[in-house]
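S.K.: Kindly generate the complete structure, drawing on both the sequences and the hints.
Each chain is listed here by its residues.
There are 4 protein chains.
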Amino acid sequence: MERTESTQDTTAFNMPDWMQIQFADQKREFNKRPTKIGRRSLSRSISQSSTDSYSSDSSDDETSPRDKQQKNSKGSSDFCVKNIKQAEFGRREIEIAEQEMPALMALRKRAQGEKPLAGAKIVGCTHITAQTAVLIETLGALGAQCRWAACNIYSTLNEVAAALAENGVAVFSWKGESEDDFWWCIDRCVNVEGWQPNMILDDGGDLTHWIYKKYPNMFKKIKGIVEESVTGVHRLYQLSKAGKLCVPAMNVNDSVTKQKFDNLYCCRESILDGLKRTTDMMFGGKQVVVCGYGEVGKGCCAALKAMGSIVYVTEIDPICALQACMDGFRLVKLNEVIRQVDIVITCTGNKNVVTREHLDRMKNGCIVCNMGHSNTEIDVASLRTPELTWERVRSQVDHVIWPDGKRMVLLAEGRLLNLSCSTVPTFVLSITATTQALALIELYNAPEGRYKQDVYLLPKKMDEYVASLHLPTFDAHLTELSDEQAKYLGLNKNGPFKPNYYRY
Amino acid sequence: MERTESTQDTTAFNMPDWMQIQFADQKREFNKRPTKIGRRSLSRSISQSSTDSYSSDSSDDETSPRDKQQKNSKGSSDFCVKNIKQAEFGRREIEIAEQEMPALMALRKRAQGEKPLAGAKIVGCTHITAQTAVLIETLGALGAQCRWAACNIYSTLNEVAAALAENGVAVFSWKGESEDDFWWCIDRCVNVEGWQPNMILDDGGDLTHWIYKKYPNMFKKIKGIVEESVTGVHRLYQLSKAGKLCVPAMNVNDSVTKQKFDNLYCCRESILDGLKRTTDMMFGGKQVVVCGYGEVGKGCCAALKAMGSIVYVTEIDPICALQACMDGFRLVKLNEVIRQVDIVITCTGNKNVVTREHLDRMKNGCIVCNMGHSNTEIDVASLRTPELTWERVRSQVDHVIWPDGKRMVLLAEGRLLNLSCSTVPTFVLSITATTQALALIELYNAPEGRYKQDVYLLPKKMDEYVASLHLPTFDAHLTELSDEQAKYLGLNKNGPFKPNYYRY
Amino acid sequence: MERTESTQDTTAFNMPDWMQIQFADQKREFNKRPTKIGRRSLSRSISQSSTDSYSSDSSDDETSPRDKQQKNSKGSSDFCVKNIKQAEFGRREIEIAEQEMPALMALRKRAQGEKPLAGAKIVGCTHITAQTAVLIETLGALGAQCRWAACNIYSTLNEVAAALAENGVAVFSWKGESEDDFWWCIDRCVNVEGWQPNMILDDGGDLTHWIYKKYPNMFKKIKGIVEESVTGVHRLYQLSKAGKLCVPAMNVNDSVTKQKFDNLYCCRESILDGLKRTTDMMFGGKQVVVCGYGEVGKGCCAALKAMGSIVYVTEIDPICALQACMDGFRLVKLNEVIRQVDIVITCTGNKNVVTREHLDRMKNGCIVCNMGHSNTEIDVASLRTPELTWERVRSQVDHVIWPDGKRMVLLAEGRLLNLSCSTVPTFVLSITATTQALALIELYNAPEGRYKQDVYLLPKKMDEYVASLHLPTFDAHLTELSDEQAKYLGLNKNGPFKPNYYRY
Amino acid sequence: MERTESTQDTTAFNMPDWMQIQFADQKREFNKRPTKIGRRSLSRSISQSSTDSYSSDSSDDETSPRDKQQKNSKGSSDFCVKNIKQAEFGRREIEIAEQEMPALMALRKRAQGEKPLAGAKIVGCTHITAQTAVLIETLGALGAQCRWAACNIYSTLNEVAAALAENGVAVFSWKGESEDDFWWCIDRCVNVEGWQPNMILDDGGDLTHWIYKKYPNMFKKIKGIVEESVTGVHRLYQLSKAGKLCVPAMNVNDSVTKQKFDNLYCCRESILDGLKRTTDMMFGGKQVVVCGYGEVGKGCCAALKAMGSIVYVTEIDPICALQACMDGFRLVKLNEVIRQVDIVITCTGNKNVVTREHLDRMKNGCIVCNMGHSNTEIDVASLRTPELTWERVRSQVDHVIWPDGKRMVLLAEGRLLNLSCSTVPTFVLSITATTQALALIELYNAPEGRYKQDVYLLPKKMDEYVASLHLPTFDAHLTELSDEQAKYLGLNKNGPFKPNYYRY
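Protein chains in written order, with full-length UniProt numbering: chain A, 1 to 504; chain B, 1 to 504; chain C, 1 to 504; chain D, 1 to 504.
Honestly, the hints are just simulated from the structure, not real lab data. Do not rely on the hints blindly, as some may be mistaken.
Which copy is meant is left open, so a pair is good if it fits within one copy or across any two.
[Stated by the list, open to error] Distance condition first, Cα-Cα at most 27 Å in a straight line; then the derived DSSO-like pairs of lysine-lysine: (1) Lys351 to Lys109; (2) Lys74 to Lys109; (3) Lys487 to Lys213; (4) Lys244 to Lys452.
If you're wondering where the values come from, they're calculated on a predicted model, not measured in any experiment.
M.R.: In structure tokens form, the structure reads like this:
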């Protein structure tokens, strides 16, 4: 894993002009926004949930999209979505999301002249939402041809997929795919006559896995893989260790902005949101144990402490443990507090952190949820025994009832609370999408030899660039180094500003 | 207003044995809870929203309840609810609420022997929810006969009303009453042959107003009024000033526990909840102005600051203003920051705090909401002009669009965000309900002369008792004064522990 | 005690023009300050400790001031101080303090025309510091004649006393008085031929006590007492209860600004300061128990929690206890945590809160200190037994050593940590001094009958006025009610803005 | 700089048995501590300031130590200190420090059998304090021979140096060395007949520099350099880049524990301490600008925000800037707020961050201080002009007075506030000293080829070990991975637990 940071010579690395951090202009542009933008200037992210009320998803149409004949208004049928007629509603969702993703829109504008992705043939596999649509259409605006599938059988917003299809993107995806549908969609993206991808954008590694398995020869033309998820990155490192990685890969998951913003800041808010929406509980005075004090755990702990909860932490890593101590949390083993806590939250990325033994000892009414990784942290399987009764009390909320009447409140059946029971702010999705776009541009344009068949982190300068694109949202004014100061610090005035090992 | 605290001689005031603060026993009882409680031991408040999914409210039945003939299983028809058949589901909701209101249940148990409300004939007018049902049935368990109407035409949970009716309470209330229905229901509670109320429990003052207007003679037999709302209390003080208050009244709204817990602690949580549920926005980095730094404003500011927002405060009162300064908020006039903020929150109890002029100057996407009092704080009426377009983007969320395309996001049309867009934790409702029950007991049992025709605050000792009943929820262990210490401080070991003017 | 708030009719109460809250002018004045002020415009409070380095206090002069013949430059010898020659240095200290007390200086300026204390003969007994000197000279500027003694035998700053004497104030006070000196000084203030006080400003009640005992007839001419301390106020209420209070008294201690600012905000800072200066300890991760959750306890808890300590709270009052819970502190009995905590802090106002039994069970290195009241809270006397060794390790820090080697770290021998081991910010002293001045003005000018022989709180309008005088320091801009709003709220636009029972 | 993390293969790296993280035993040992420890078991760090009161430093002896003939009790004269007779008092200071450095004492105990430094000849150049003495004597206990000089001409505690000399350490150092003395002392450590160092422990790089310059041949025998300071590390990287580094060097400054604990957590406390001790100011409501949002800036901002200050941040790095936004601080350029702030704090590591132009525009009474790096951040030199008057008002506090009377309060003449005006908690020093000891052990025992002529970070496993040694202080209980979990995560149960690029 240690190779990740080493091979890049970031000082030698030059970003094109349009990619310079802008110290002065940003503000000017931003200030103009309120008065300038036209009719569609929307505000906060409403795409995700508003969908429920306004879209006609629960249509009576039970035909599988694979069995339908659909054409978009330009006559193309190179796509497979639920219902192409939903395109207009989907377009509105995308337009709303565009307002919330100023960084990606700025990128479109700045890089449009250069078309840095001209010639790129990108095959992508991600959640299909309004925000990804903005990303996909940005890639198009920068010159790329895209074919796209969903990385999850449930997460596609059908009307957004329809809008993409209407706009000429070859999208194969709908909500409620079967396992077979899932792989069929991926295959339809890759296996096309007269078109071969030269870039991969993956979220979870399934697309990469499929090409490895079915079309290994494609990698000859592929310039690189951009991968977002923990799981996908893990697979890439394993391939790399085994010497089987045949193209450079960019680990977007561990970029600074992703780690700190998506995990720390986003979870600080979504833990409260997820708990409130599911249980309406009051946080003040509640005793909570948070398992794991990584970025996610730090976010959860900070939020709950601020709301007046009493928070205990468990950790396996002595450094994170010492941080928890200094941040004012008692570091305990789970079984020391399991009888007394009102809430148990897992954020470890580990498995079986909360065991049946722990669950047996919890007090009546204890809430158990997972903010960590997939659905392994709580041993939910161990609760599927005959002596326990499950009672669904509302969407995503189960009561598991012991023979003596004790009830444990399980949220989202142990799956990720923040994905299942709260929404992800568009702002965070914007950071991730911008990072993905830049990673694609970098890998596609990198001179021969800059990247080998290895897993890389995004060059720091690009990470900084992503951050700078998001500052105007906060009316934040960056200070520019004077020549004298830059020299004193031995830095380029445009960054990168920190050594690679800097921890933020 | 100054008479409020003056007439009570709290040291002379003796509470019955069952009302003593328990230092030792509480813990024992509490520790037994987890293992002891039976099958229905539920956890967090799920009554309010779970209702939506499970109840069959949106029934096809369009007949007005006033035109229906309904009988409960015991043959009584002295009630008027939407559908008596929903009683079973409503009972389940009430049972769930009982689990969340341990203080009221403890009160039932402790006072049941004495029946301190034996002979009480209480007419009530409140929201009709599972939590009020627990209160009403507690009053019954303590010996009272109750007749009940709703204080709001929308807020009745029909199945809860049905369960109360089935259980013999004379309840007149349904969701979606007309104005005429509203007064008809109240009248049906009061105007009964052979039954005349001797106690009033009111929320908003409408019931009191009705009796004043229609049946002034009833006050001869009424021992007192217990009023919860700001508005109702205000009316009572005006009556008192005008010399027209003809019975003692208890101002429950200004009791310590109500003020600090309902306003400060509850709003600290509900501001986040309300904003998230309606807008999915991210709090970090947002600029917010909070108008008013009373308890509600303090709660909103603390929560948003903790989530990483930058908060400005406006105030008219120099003392609250200085508190805002010391708590780390810039004190500004609204027009100083109106152009730059992302969110405007009103918590003043005043009117026209946010004017059309302010609204015109806000930036694109600014969110405006009210946490204060009724719907007067934001001048919403001023936005109903032809040049502005209103667009409902989701439930409780409107975009108001200026001719230049600027959008302002208005939540709950300027009504209370925390009532409209978030839920109130049962714990807070428990505090209020317990206070109401004790106020009724006190007024009903007070010896001749303790209370005159004036407005009173709950005796501090009872306020302390309410608080003590809620400590076991937090496994909190109160320290008891030694005899020597009590003597040193000049206090009774069972309280009251503070002078009346103490501010907490 | 309940009479305190009752008799005032604040709405009828009219403040003179110069005492109106200024909404607009304040800002202008403040903004001019930086450039306008002259040479001596100093910044932060440096009087207290800078004294140590620059004054020649530890002079070789061992003669008692009572045996010296001293004259000021105008030839007067109606004073008794350590050394009149230190006047110049003292004057510089006073000038520095003036810069930090803008409210008092503003009062001087605004009220100077009216001389609201013309004819007042004030006898005072307080700590003699630069800040009190600013108060005393303000009283003089407003028309009063003052005679002054110290309320504490150690706290006098000799050079400040000298400066006052040089400026014509009849001051009798020096650092290191004997008990006999103490009463002699007080007597010299009161017992003068041809001068009889008509106002008393007391801090601790000793002056009041002396007059009661020795010169009861003086009360015939005395218009009122202003008392600042808890102890002094307690004595006054006892006199009042016993029917022995023969003049109106103003309880300055319980005014809002005093309670919230002096106790909550000041202690929030001084607990950290006191602990750091004495022990250099790190707060992060430390386990702390705070006894008492009144304003002082709230301040201590908030500060330590913010610095990463884990804080437990003990309480006797269920309401404060419930607040501690909602603020995120575990409520325990002292003996539940005494073995594990690193720091014990008392803030109760009670006695023997920490007993020898507790002290015996503390762990090695535990720090024990008192932020509460006098020196009764920790049973220090119980540690004066032969088996325990005391070792003074630095000023105000003792190690008490058990036979097994365990060391307990006792700060300030159990006296007030914030007085002994940290400094009080001038800002807080400014609030108190301004309140005292206004209380004197009010009592002196009140029409016959407004105040009876009872103990009163400062009228709220004056409390608000004190606060308003301190807002410019923070560049804080108060919002003014519109006529329409004032009418809607039933308030006068200049206050008072809250009912008397409002808790802030 | 990128090479730093790359060459280590931490998974292959094996730590000796005594260096395993202990999951179970720690607790047991810790619990025994309170009762077991003997007479000298002291508590909080009192060494540094207590010194002032008890030591006889300001002795009349003006003879230079270089001109004195001194022998310790064993007859050795291979040292040069102020006064060998102060050894006993110094020993007491060291013993107190030992109580505060349990990790180093545990290391002594665990590694004493193996003597991992047997044969090591360490030359050191650090501050000479009680805490370094504990480090030096620990190195001795592990088998090393040490010769030591001071890295700063002022910072030596003479009695500690005496105690070291008495104990046989060849120490050359006293408080108040001249520049010539400074290099003479270093030379006496290095230039000895019959003794040649094989390890260097440096703080600032002066010792390393001296050997490079005078005795380059020595590097043939030297196995490595351990360097703590930013400056020293910077020099090493420059040597490395220039290809002139001739031995492996360990960058202790950038180890996780050092960065996060020394910078973030320690500065969070010392900014408050430093400001209070120098100015007695109140933090509540003050407007502060913090320049730089690295670890130090983050600590300062968090502390001041928690105390009720309003904090603005300046940054040059967009990532740190975005963090500041998400943490709730307005990101500004310095000149946007310079007129309005009460305090300016620099934490950039840069130079001329606060210029004369900024200083000219500050408001009267503004406090300016530096928490960053050396004394370059504030352009203090620009204030040495004739029209400005400097007035020293107390130790470390200067008023700089403009012709119009405006005063600016400069702390520590722009040098580091936390070093000059507050104390560093022993706990933090303990972390650093333990890290240094482990770095020496690692470099000394590393097999041929593990380290090349390059600059390295401490292997993560050792960083984790240092952290684990400090957990017992907080009664913190680490969770151990089960075999199954370790396998699932692909981790060794004893660590390292994170990839090298993990940011904490």
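S.K.: When no copy is named, should Lys351 and Lys109 be tagged within, between, both, or neither for a Cα gap of at most 27 Å?
M.R.: neither (45 Å within a copy, 36 Å between copies)
S.K.: Under a CA distance limit of 27 Å, which applies to Lys74 and Lys109: within one copy, between copies, both, or neither?
M.R.: within (26 Å within a copy, 74 Å between copies)
S.K.: Using 27 Å as the alpha carbon limit, work out where Lys487 and Lys213 are close: within a copy, between copies, both or neither.
M.R.: between (51 Å within a copy, 26 Å between copies)
S.K.: How would you classify Lys244 and Lys452 at a CA-CA limit of 27 Å: within, between, both, or neither?
M.R.: within (12 Å within a copy, 30 Å between copies)
Hint 1 from the list above is the single one not met by this structure.
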